[in-house]
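Here is what each chain is made of, one letter per residue.
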Amino acid sequence: MNAAEPQGRRPRRLTVGRIGIYAFLITAALFFLLPLWIMVVTSFKPMEEIRLGNILALPVTLTLEAWTKAWSSACTGLECNGIRVGFWNSVRILVPSVILSIIAGAINGYALSFWRVKGANVMFGVLLLGAFIPYQVFLYPLVRIFSLTGIYNSLTCIVVVHVIFGLPTMTLLFRNYYAGLPIELFKAARVDGGGFWTIFLRVILPMSTPMLVVATILQVTGIWNDFIFGLTFAGRENLPMTVQLNNIVNSTQGERAYNVDMAATMLAALVPLVVYFVSGRWFVRGIAAGAVKG
Amino acid sequence: MAAVSVRDVSVAFEAVRVFDGLSLDIEQGEFIVLLGPSGCGKSTLLNAVAGLLDVAEGQIWIDGKNVTWEEPKDRGIAMVFQSYALYPRMSVRENMSFGLKMAKTPKPEIEKRVNKAAELLQITHLLDRRPDQLSGGQRQRVAIGRALVRDAAVFLFDEPLSNLDAQLRNELRVEIKRLHARLGNTTMIYVTHDQIEAMTLADRIVVMKEQKIQQIGSPDEIYRRPSNLFVAGFVGSPQMNFIKGRIEGNGTGPEFVSGKRRLPLSGYRFSGKPIPGQEVVLGVRPEHLEITGAGTWSDFKVDIVEPMGADTVIWCSDGDGTIQVRTSGSKKAAPGEPLGLGVDAAHVSLFASETGERL
Numbered sequence: 001m002n003a004a005e006p007q008g009r010r011p012r013r014l015t016v017g018r019i020g021i022y023a024f025l026i027t028a029a030l031f032f033l034l035p036l037w038i039m040v041v042t043s044f045k046p047m048e049e050i051r052l053g054n055i056l057a058l059p060v061t062l063t064l065e066a067w068t069k070a071w072s073s074a075c076t077g078l079e080c081n082g083i084r085v086g087f088w089n090s091v092r093i094l095v096p097s098v099i100l101s102i103i104a105g106a107i108n109g110y111a112l113s114f115w116r117v118k119g120a121n122v123m124f125g126v127l128l129l130g131a132f133i134p135y136q137v138f139l140y141p142l143v144r145i146f147s148l149t150g151i152y153n154s155l156t157c158i159v160v161v162h163v164i165f166g167l168p169t170m171t172l173l174f175r176n177y178y179a180g181l182p183i184e185l186f187k188a189a190r191v192d193g194g195g196f197w198t199i200f201l202r203v204i205l206p207m208s209t210p211m212l213v214v215a216t217i218l219q220v221t222g223i224w225n226d227f228i229f230g231l232t233f234a235g236r237e238n239l240p241m242t243v244q245l246n247n248i249v250n251s252t253q254g255e256r257a258y259n260v261d262m263a264a265t266m267l268a269a270l271v272p273l274v275v276y277f278v279s280g281r282w283f284v285r286g287i288a289a290g291a292v293k294g
Numbered sequence: 001m002a003a004v005s006v007r008d009v010s011v012a013f014e015a016v017r018v019f020d021g022l023s024l025d026i027e028q029g030e031f032i033v034l035l036g037p038s039g040c041g042k043s044t045l046l047n048a049v050a051g052l053l054d055v056a057e058g059q060i061w062i063d064g065k066n067v068t069w070e071e072p073k074d075r076g077i078a079m080v081f082q083s084y085a086l087y088p089r090m091s092v093r094e095n096m097s098f099g100l101k102m103a104k105t106p107k108p109e110i111e112k113r114v115n116k117a118a119e120l121l122q123i124t125h126l127l128d129r130r131p132d133q134l135s136g137g138q139r140q141r142v143a144i145g146r147a148l149v150r151d152a153a154v155f156l157f158d159e160p161l162s163n164l165d166a167q168l169r170n171e172l173r174v175e176i177k178r179l180h181a182r183l184g185n186t187t188m189i190y191v192t193h194d195q196i197e198a199m200t201l202a203d204r205i206v207v208m209k210e211q212k213i214q215q216i217g218s219p220d221e222i223y224r225r226p227s228n229l230f231v232a233g234f235v236g237s238p239q240m241n242f243i244k245g246r247i248e249g250n251g252t253g254p255e256f257v258s259g260k261r262r263l264p265l266s267g268y269r270f271s272g273k274p275i276p277g278q279e280v281v282l283g284v285r286p287e288h289l290e291i292t293g294a295g296t297w298s299d300f301k302v303d304i305v306e307p308m309g310a311d312t313v314i315w316c317s318d319g320d321g322t323i324q325v326r327t328s329g330s331k332k333a334a335p336g337e338p339l340g341l342g343v344d345a346a347h348v349s350l351f352a353s354e355t356g357e358r359l
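Chains A and B are the protein sequences, given in the same order. Be aware that the first sequence starts at 1, since it is given in my numbering, and climbs by one per residue. Be aware that the second sequence starts at 1, since it is given in my numbering, and climbs by one per residue.
The hints are simulated quantities; they were obtained by calculation from the structure and are not laboratory data. The beta-carbon is built from N, C-alpha and C at its ideal position, and this holds for glycine as well. Some hints here could point you the wrong way.
Partial selection, computed: residues in chain A whose CB lies under 8 angstroms from chain B [claimed, not checked]: (1) 16; (2) 147; (3) 182; (4) 185; (5) 187; (6) 193; (7) 194; (8) 206.
Negatives, chain B to chain A, calculated, CB over 12 angstroms [claimed, not checked]: (9) 47; (10) 71; (11) 73; (12) 82; (13) 94; (14) 95; (15) 134.
Here chain A stands alone, though its shape is the one from the complex (with noise of 0.2 angstroms):
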């Protein structure tokens, strides 16, 4: 038989346009995996071992070293306690940041898409305004408004920034999400009978799941990561990890402990990478919905 019939599956051919994709998708995949493979080899690594200079290898002697001095016991500054403070700070500042920032956002967006409020649409663009403005302008007034209300360099301070500047990418998304619900729901609600709150608690909130999950992952990477609003508002007891970090690879005595350091590094983007990994497909989802600032 010759030339076969077309038949079934069109045959793939490796074009020419194909090897360029690859060769750019390698590329761009190597570019940002080869930090990350430095970092995860070098921190495993005694010190004689980076001073070969061999900083793609394998490590020869693996330790856990580093890991355990960058937990509990590296200097920051003046203490050497390690980064787990930090850790266990930023923890303390992450969660009812995350949670406050998402009711409110979940509420005022449920209020501006539903309850047609006099004025929604001027909040809103207001609201919105203040996404698109530089965290430092506000720096200066709000340390001057905090001081002067007496919670300035506190653990409540640093969570009530982190809602205020979550509010406008939260009311967004959950605005945007709640606009595309049927109304006719809301309506069927209300003709049951129900209030504002017992239709977010009972009809809306439990369809909200997606958005849910979409502005925790936001919120917890973007939280996680402050490093400006954590030094500015937190106070020195309350430093979160990011800041201790910076404190930690910028201390030098003597050699630097690039393993330490490293370690260090990986162990305080921990948190950001779990969530990473674990919502997969949800994160995609959040990073479309929340394109507006990222």
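Given chain A, work out where chain B should sit, using these hints.
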């Protein structure tokens, strides 16, 4: 006393007036259908009655009570929506009992009412399912059930069948009619753009266009004596034939003249005195034309034949325009065949060309 009474109601969105001084009285136990093309304001009117929309002016009375400022739940209404609007995270049973729970009805009473409604609608076996496990027809049944348990004085339907396929629509239409009969004295207001639904269900039809009521009347009245050109054209399928012409008076009485077509109007019930020379539009339903050898109008030729099973629609023309004739399904005709049409003046409608109003 009217069950529902809309008095001089105006509705405005922002600065745009949607209604101006609209009034409508609905009797106890009546099945009223608001019929009109999309954007005619029928749903807006229904939402205003339900209290889901604030009125700018006027009053709404339900069951002898002025409810203009009342919340929807306090108006004694139940509502069924086009998109079913079932709460997706609740089972059918929870969906149906949600309103009663909100009203703090005792548990045994809720159970009793839900079971009764479920039985009536034959959805008892679905009570523990979730809405996403139901078909479209079942969902709308549940939505009707949810309205039913409220024991409301007035039922509001907002295009409840528009999302269903044709066969289900017919089934549920019959069921809604049966439900109305079985509930006895329950008032129903039903919004639709489907004239078949309107014709089959309504005690009275309210035809609306551009936020104004065009005609209120029984289906028969709307069909046989449409009050203007819009109503005549909107109701009925295939559409009414419209022929432009003039009234001429001769010795025996007024006569409709359009080119070579003539029709003596002695059998027509004029609402006023016919004015000779007036420009008019003659409306005649396809089924009121009779195919004869010679007839009132002759020289027609068959253009297109549409067999529909039960009946056949024949499009024919005489050079001055095309006319649809509805005839029995057994009638055979071939394009090009000559044809004569018999017209009875008692079954036609005459409208003034200028205003579109019935003469």
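- Query: Can we keep the residue 182 of chain A interface hint, with Cβ of chain B closer than 8 angstroms?
  - Reply: With a closest approach of 5 angstroms, the residue 182 of chain A hint holds.
- Message: Does residue 185 of chain A hold up as a contact with chain B if the rule is Cβ-Cβ below 8 angstroms?
- Response: 5 angstroms, holds
- Message: Quick check for students: does the CB of residue 95 of chain B sit more than 12 angstroms from each CB in chain A?
- Response: 9 angstroms, violated
- Query: Taking the minimum C-beta separation from residue 71 of chain B to chain A, is that value above 12 angstroms?
  - Reply: 8 angstroms, violated
- Message: Restraint: residue 206 of chain A near chain B, CB-CB cut 8 angstroms. Satisfied or not?
- Response: Hint on residue 206 of chain A: holds, closest Cβ of chain B at ~4 angstroms, below 8 angstroms.
- Item | Assertion that residue 82 of chain B lies outside the chain A interface [Cβ separation over 12 angstroms] | 7 angstroms, violated
- Task: Just double-check residue 94 of chain B for me: nearest Cβ-Cβ distance to chain A has to come out over 12 angstroms.
- Result: 10 angstroms, violated
- Item | Hint validity - residue 194 of chain A Cβ closer than 8 angstroms to any chain B Cβ | 6 angstroms, holds
- Message: Take the shortest C-beta to C-beta distance between residue 147 of chain A and chain B; is it under 8 angstroms?
- Response: 44 angstroms, violated
- Verify that the Cβ of residue 134 of chain B lies farther than 12 angstroms from every Cβ atom of chain A, and report whether the claim holds or is violated. 16 angstroms, holds
- Query: residue 73 of chain B clear of chain A by more than 12 angstroms, beta carbon to beta carbon?
  - Reply: Residue 73 of chain B is in fact no farther than 12 angstroms from some Cβ atom of chain A, at 4 angstroms.
- Item | Given hint residue 187 of chain A near chain B, where the shortest CB pair must fall under 8 angstroms | 5 angstroms, holds
In this structure, the earlier hints numbered 1, 2, 9, 10, 11, 12, 13 and 14 are contradicted, and the remaining ones agree with it.
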